[in-house]
Amino acid sequence: MFENIEQIKLYLRQLNNDYKLLDKMAFYIKIVFDLEELKLEIEKTNDIEQAEKEKDIKAIDEMLEFFEENIVPDVTFNDLELDNYLRRYYDILDKYRDIPLIADAFMEYCAMYGI
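Note that my numbering has the sequence shown beginning at 24, numbered continuously upward.
Some hints here could point you the wrong way.
Unchecked claim - In silico BS3-like cross-links for lysine-lysine, where the CA-CA straight-line distance does not exceed 27 Å: (1) K32 with K47; (2) K53 with K32; (3) K53 with K81; (4) K67 with K47; (5) K32 with K43; (6) K81 with K43; (7) K78 with K62; (8) K118 with K53; (9) K53 with K43; (10) K118 with K78; (11) K62 with K81; (12) K67 with K81; (13) K53 with K78; (14) K53 with K76; (15) K62 with K118; (16) K76 with K118; (17) K67 with K78; (18) K62 with K32; (19) K67 with K53; (20) K81 with K118; (21) K62 with K76.
Hint data in this document are derived by calculation from the structure and do not stem from the laboratory.
Using the sequences and the hints, build the whole thing.
Right, here's the structure in full:
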């Protein structure tokens, strides 16, 4: 979580300290955080065949590259390309839904205690 805070600071600088733009990009930043965390969890898991693991990590790297390159001021997304990457993102999350992500677990914890 603390690494994410540092990364958010870097994104803010990259977005010329524009908090409104940072808010606008929050969804894509969350995707980057989810993909980075999922990649680490997949690498640690021994229950997945090596070939499948490599294929999924390669797909995650492609998605990360797309989303990270587009967290910039004045970005205009190609709707078809964005839809493709969003679909791939949701597909990979669905495939590994049994692997809990820290951000989701933290949000559930906060919700349990009304935070």
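Query raised in the report: Which numbered conditions among the earlier hints are violated in the structure presented, ordered from lowest to highest?
Result: Those not satisfied are hints 4 and 6.
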